[in-house]
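Respectively, the protein sequence lines represent chains U and F. The first sequence runs 7 to 64 under the numbering used here. The second sequence runs 36 to 416 under the numbering used here.
Keep in mind that the hints were calculated from the coordinates and are not lab data.
Calculated cross-link-like contacts (lysine to aspartate or glutamate; reagent style EDC-like; alpha-carbon spacing at most 20 Å): (1) F:K312 x F:D138; (2) F:K266 x F:D278; (3) U:K62 x F:D273; (4) F:K259 x U:E8; (5) F:K308 x F:E351; (6) U:K48 x U:E16; (7) F:K183 x F:E158; (8) F:K119 x F:E71; (9) F:K308 x U:E54; (10) F:K37 x F:E134; (11) F:K266 x F:E151; (12) U:K40 x F:D273; (13) F:K259 x U:D17; (14) F:K308 x F:D382; (15) F:K300 x U:E8; (16) F:K266 x F:E220; (17) F:K119 x F:D76; (18) U:K40 x F:E271; (19) U:K40 x U:E16; (20) F:K265 x F:E158; (21) U:K41 x F:D273; (22) F:K308 x U:D28; (23) F:K312 x F:D121; (24) F:K183 x F:D278; (25) F:K259 x U:E16; (26) F:K300 x F:E118; (27) U:K62 x U:E45; (28) U:K41 x F:E271; (29) F:K300 x U:E16; (30) F:K125 x F:D138; (31) U:K62 x F:E271; (32) F:K300 x U:E23; (33) F:K130 x F:E118; (34) F:K312 x F:E71; (35) F:K259 x F:D276.
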Amino acid sequence: MELIGAIQQEDAGAEIEVLSSDQGSRQDIPLWVKKAGHELVKVEEGSEFDRYLVRKTH
Amino acid sequence: MKRIVVLGGGIGGTTVANRIQRLLAREIEQGQVQLEVVDRDGIHAYQPGYLMVVFDKMRAEETRQDEARLLHRSIRLVKAEVEKIDPAGKKLRLKGGQEVPYDLLVISTGSVLHPELSPGFAEGSHSFYDLDNALRLRDALRQFSGGKIVVTVAGMPYKCPVAPLEVTFMLDDYLRARGLREKSEIHYTYPIPRVFGIETVAPVMQRLMTERGIQTHTPFNVQKIDAAAKKLQGVEGDTLDYDLLVGIPPHRGADLLGASGLGDKGNWVPTDKFTLKAEGQSGIYVLGDATNIAISKAGSTADYEAETVAQAIAAEVRGVPPSARYEGRVYCWIMTGLAQATYIKFDYLHPPHPPAPSFAHYWNKMVYNRVYWDMTARAMF
Ligand SMILES: Cc1cc2nc3c(=O)[nH]c(=O)nc-3n(C[C@H](O)[C@H](O)[C@H](O)COP(=O)(O)OP(=O)(O)OC[C@H]3O[C@@H](n4cnc5c(N)ncnc54)[C@H](O)[C@@H]3O)c2cc1C
Numbered sequence: 007m008e009l010i011g012a013i014q015q016e017d018a019g020a021e022i023e024v025l026s027s028d029q030g031s032r033q034d035i036p037l038w039v040k041k042a043g044h045e046l047v048k049v050e051e052g053s054e055f056d057r058y059l060v061r062k063t064h
Numbered sequence: 036m037k038r039i040v041v042l043g044g045g046i047g048g049t050t051v052a053n054r055i056q057r058l059l060a061r062e063i064e065q066g067q068v069q070l071e072v073v074d075r076d077g078i079h080a081y082q083p084g085y086l087m088v089v090f091d092k093m094r095a096e097e098t099r100q101d102e103a104r105l106l107h108r109s110i111r112l113v114k115a116e117v118e119k120i121d122p123a124g125k126k127l128r129l130k131g132g133q134e135v136p137y138d139l140l141v142i143s144t145g146s147v148l149h150p151e152l153s154p155g156f157a158e159g160s161h162s163f164y165d166l167d168n169a170l171r172l173r174d175a176l177r178q179f180s181g182g183k184i185v186v187t188v189a190g191m192p193y194k195c196p197v198a199p200l201e202v203t204f205m206l207d208d209y210l211r212a213r214g215l216r217e218k219s220e221i222h223y224t225y226p227i228p229r230v231f232g233i234e235t236v237a238p239v240m241q242r243l244m245t246e247r248g249i250q251t252h253t254p255f256n257v258q259k260i261d262a263a264a265k266k267l268q269g270v271e272g273d274t275l276d277y278d279l280l281v282g283i284p285p286h287r288g289a290d291l292l293g294a295s296g297l298g299d300k301g302n303w304v305p306t307d308k309f310t311l312k313a314e315g316q317s318g319i320y321v322l323g324d325a326t327n328i329a330i331s332k333a334g335s336t337a338d339y340e341a342e343t344v345a346q347a348i349a350a351e352v353r354g355v356p357p358s359a360r361y362e363g364r365v366y367c368w369i370m371t372g373l374a375q376a377t378y379i380k381f382d383y384l385h386p387p388h389p390p391a392p393s394f395a396h397y398w399n400k401m402v403y404n405r406v407y408w409d410m411t412a413r414a415m416f
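Based on the sequences and whatever the hints tell you, model everything.
Next up, the structure:
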């Protein structure tokens with residue numbers, strides 16, 4: 007997942023936007039964010055891709 | 036005369052060159068077409084054999100052959116490191132400064148292992164993704180007298196997505212055969228919230244792991260490995276200690292692709308998933324691990340893609356629009372023990388449904404390991 011690499015490079019408090027056209031992400035991203043203890047701020051489902059906004063909490 | 040250059044003499048490059056030869060035999064014979072393969076060292080590696088080497092199912096020598104023996108005699112082999120591709124000038128620059136011009140180029144440079152991108156990996160983890168490490172792991176297992184084994188994946192994407200599953204099942208069987216399973220634990224970690232990427236396959240693999248007492252940790256992304264303390268720390272906050280760690284190192288595409296302005300940030304080439312043309316380029320096709328297509332990086336993928344690329348190249352030479360499409364076909368065996376296997380077969384539209392593991396599937400795989408050189412590399416079919 008792109009998100010994991012991206013999050014590691016940011017400071018706590020940063021918001022990271024991920025675009026994904028992959029069906030599996032609808033399940034994987036929320037599950038991962040919860041497990042890693044970050045916050046899923048917003049999910050927007052689109053016809054070509056979905057947009058996820060994640061806040062790095064720690 | 037048209038010059039067709041294939042960059043990389045691995046699984047994809049070799050089979051595509053032999054396929055192009057087949058389709059353009061007359062043109063090559065009459066000197067209207069020149070077909071060349073440029074490869075770093077002229078040694079062809081059958082990498083799936085490395086997993087077999089770990090468990091003494093193949094000898095190291097059986098995983099390599101001279102590239103020259105695999106290519107049709109009318110194909111020229113240039114042994115050289117390519118430093119840069121100049122898509123505007125349509126030429127390759129070799130180490131030492133020589134240039135190789137082309138009209139049509141096929142890129143099949145594979146993936147490059149980057150253990151240094153995962154802190155502590157090189158010091159703390161075994162691997163089996165190159166021959167030296169496979170031999171080292173084989174020797175470590177011969178010395179192993181029980182303890183905690185952890186199998187982990189230190190970065191995505193990586194080639195042969197099923198390999199961490201396979202090594203885990205084979206380790207389980209290996210320890211049982213040696214009477215060490217009771218004295219051991221096997222742990223499997225995976226970066227996403229299930230044990231394998233493809234959703235139809237993950238539950239089947241999870242069930243096999245549960246049945247065999249293999250403990251799974253998902254999602255688990257490697258933060259760092261502490262070789263001295265023998266600890267694997269995850270981004271999600273979990274830490275696992277280990278006696279023997281078997282990891283898949285991070286992968287990137289070949290450096291020269293980034294340096295040539297053809298790669299994305301992982302040095303994978305943005306490629307049309309149906310035509311296999313490099314996006315935004317003319318006369319450049321890409322296959323195998325080098326593409327950015329969201330599909331298994333596997334020898335089987337490269338082999339199926341080679342059919343499409345060879346037909347497209349032949350069409351371009353003859354001045355007709357290429358019509359062949361790659362439909363996303365992949366076929367991979369999954370070793371589920373030392374003498375049993377299943378397989379996954381899928382394409383862009385049809386997900387795989389692995390059959391029950393059996394000796395027969397394992398036997399097919401062992402036969403394939405031997406006939407690979409004729410069947411795939413020499414493109415017998
Ligand atoms: C342990 C293991 C098990 C595997 N098991 C399976 C399996 O069971 N089934 C399966 O389908 N796949 C399997 N694979 C994956 C498979 O080996 C690869 O996906 C496949 O080799 C990719 O083919 P390729 O042509 O893209 O790259 P490669 O076969 O890696 O070939 C790349 C070639 O390009 C050359 N090259 C690279 N850069 C340059 C340069 N700058 N100049 C000159 N030459 C260059 C290299 O020397 C090499 O010869 C396995 C891999 C591993 C490591």
